[in-house]
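Student: Position chain B relative to chain A; hints supplied.
Residue numbers (my numbering), protein chains in the order written: chain A, 1 to 263; chain B, 1 to 318.
Each hint should be verified, as a subset may be incorrect.
Claimed, not checked - Calculated lysine-lysine pairs in the DSBU-like style (CA-CA distance at most 35 angstroms, straight line):
hint, chain 1, residue 1, chain 2, residue 2
1, A, 224, B, 301
2, B, 142, A, 27
3, B, 248, A, 83
4, B, 67, B, 215
5, B, 248, A, 79
6, B, 301, B, 43
7, A, 215, B, 301
8, B, 171, B, 82
Claimed, not checked - A short list of chain B residues far from chain A (calculated; beta carbon distances all over 12 angstroms):
hint, residue
9, 137
10, 149
11, 168
12, 224
13, 248
14, 249
Read the hints as simulated data drawn from the structure, not as lab findings. All C-beta atoms in this analysis are idealised placements derived from N, C-alpha and C, irrespective of residue type, glycine included.
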Amino acid sequence: MSMKPLRILPLFLFALLIIEVSGCHRKTHITAITPGTVEMNSSVQQNDSVISSILTPYKTGMDSIMNVVIGTTTAAMPKEREKSETLLGNFVADVVLNSGNYAYTKTENTTPAQVCILNNGGLRSSLPQGNITRGNIFELMPFENEIVVVTISGQKMFELLKYVAASGGVPVAGMKMGIKADRTPGNVLIQGVAFDSTKTYKIITSDYLANGGDKMSFLKDPIKTETTGLKIRDAIIEHFLELTRQNKSVTPALDGRIYYETK
Amino acid sequence: MTAESIMKQSRRDFIRTLTGAGALFGLGTLTSAFRKMEKPEEKVKVVILHTNDVHSHLEPFPANDPKFAGLGGVERRAAMIKQIRAQEKNVLVLDAGDIFQGTPYFNMYGGEAEIKLMSAMGYDASAIGNHDFDGGLDNLAKQMQHATFPLLCANYDFTGTPMEGKTQPYKVFVMDGVKIGVFGLGIEMAGLVDSRLYGKTVYTDPIVKSAEMVKELRDNQKCDVVVCLSHLGYKYENDKVSDMVLAKKSRGIDIIIGGHTHTLLENPVTVRNRENESVVVTQVGWAGIRLGKIEIFTDKKSRNKKITAASSPIQSVG
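This is chain A alone, in the form it adopts within the complex (with noise of 0.2 angstroms):
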């Protein structure tokens, strides 16, 4: 038996590779792209058994605690931007504001926050008309961010007021505000009363934006900062919950608290 091709062999081979690895690779050109998308709806077959075999029983769990209808609305409250006031930022800051007025004033000698303001970035989900689940109320306001009181100076008071009128409207409880077609300030009413740049004002938020979220930088470095332990999606559950207690519907509306001026 000759060992001598077999010896060869190896080496010719390993000689073979390093051509092959070395060599160039070899490039191609793309000649076309073809975006285009494809819409999820009715029309796409839902029958994978190994999707619902994994998300089933997530489902099963999930669906126990948040189906349960919590209320109603008399009104659907789609999610919008680009308008000076909505349906749904209307309705949450109100509960913001209410809502966390009565856990912050529990303690003795506190006075109330005169303004809410939110983001319309934070409404994560459109609430439907009619009955409303605990689970619509998590994807509204999925996270876990609790309502704090800042007390800012005249000054930033004034900057938030920019801010509002230059975003062309965000949500707002507790103020009337006029936007200048320059999109500016105009008339400003705080609780009825008009602004005043000489005074402190005590605004209710989201620990999120007062820890600089969203770019709000008049909460930063506040006078004070208190929080009151209720996180947002509680508030609107017990709100709901109030509401069906008393038997009543929440009832969204549009109350020009923030418009455009005209001329």
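Tutor: Structure of chain B alone, referenced to chain A:
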């Protein structure tokens, strides 16, 4: 020569023969594998399927949803991905981040269901979104134990955090010899994410990092196609860095698959980069209401790059 030594000798020969045959077989397979990998087929079609900002929407929107009634859901998406994989040879499935936060699935299970389902659907890679920090870095690291796909992020430094070593800047996919380099970009956390959630994570300039990635993917990895999987956002009124800003300032990126702003581009936008080459920028809304589908055609001979997408009205859907 004793009988024993003869046996030893022949055993040695036998082993040597085996080794030779093994080398022949092994190297042969290896070289053919390399040949297959390194040389693209004449004409290749690659399909990239993509989602962004799914935000824990594992089920379709309920029938009473004012805007997206009946749309979305993982079972439907899985079925569509499976159907396209059956029709097409070369399919990549990518997500541009914000997998987490938006339904009680996340509040109750921390994202475990989301990651397990994406793995089962055969996702190939994902970017990291700002809301993927919402359970903290410990939670993200914990949930990624269930992932069969990598998290791609070139511009976050997780050194000294629970996410250290659990991400990679890019991944190269080879399909019919065509090399597709995909790199990930994350948005600046300051002012967007609670600092307690992202901890010591360091953000670096995505424009600078993108240039480094393109150099690595084009020059060293010899990629034919470069895809950026971004959670920067489509575009802003101010000068904040976005997919549109990146596209204009970039070179060597073919496609930017975006997220964060929940922008639904009916037809993706084509932007001219700094070398006047076209870059496709796309994003498919949020919550899995649509599946993006990009078809890429390559040819070894032709150099004419045609992008059939036309720009169209842009809407923010959620």
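Student: For every hint, state whether the structure bears it out.
Tutor: Verification of the hints:
For the hint linking residue 224/A to residue 301/B, the alpha-carbon distance of about 69 angstroms lies beyond 35 angstroms, and the restraint is violated. Distance restraint check for residue 142/B and residue 27/A: the Cα-Cα separation of roughly 40 angstroms exceeds the 35 angstroms cut-off, and the hinted pair is therefore not satisfied. Simply put, residue 248/B and residue 83/A have alpha-carbon atoms about 30 angstroms apart, close enough for the 35 angstroms limit, and the pair holds. Straight-line distance between C-alpha atoms of residue 67/B and residue 215/B comes to about 43 angstroms, which puts the hinted pair past the 35 angstroms bound.
For a cut-off of 35 angstroms, the pair hint linking residue 248/B to residue 79/A stands: about 32 angstroms separates their Cα positions. Our distance criterion of 35 angstroms between C-alpha atoms is met by residue 301/B and residue 43/B, whose separation comes to about 9 angstroms. Restraint check for residue 215/A and residue 301/B: the C-alpha separation of about 51 angstroms exceeds 35 angstroms, so the hint is violated. Distance restraint check for residue 171/B and residue 82/B: the Cα-Cα separation of roughly 22 angstroms lies within the 35 angstroms cut-off, and the hinted pair is therefore satisfied.
The non-interface label for residue 137/B is consistent with chain A: the shortest C-beta to C-beta separation is roughly 16 angstroms, beyond 12 angstroms. Against chain A, the non-interface label of residue 149/B holds: every CB pair exceeds 12 angstroms, the least being about 15 angstroms. With a least beta-carbon separation of about 21 angstroms from chain A, residue 168/B lies farther than 12 angstroms from that chain, consistent with its non-interface assignment. Not every beta carbon of chain A lies more than 12 angstroms from that of residue 224/B, the smallest distance being close to 5 angstroms; the non-interface claim is violated.
Residue placement check: residue 248/B keeps its beta carbon more than 12 angstroms from all beta carbons of chain A (closest about 18 angstroms). Listed as a non-interface residue, residue 249/B keeps its Cβ farther than 12 angstroms from every Cβ of chain A; the least gap is roughly 20 angstroms.
The structure fails hints 1, 2, 4, 7 and 12 (numbered hints given earlier, in ascending order).
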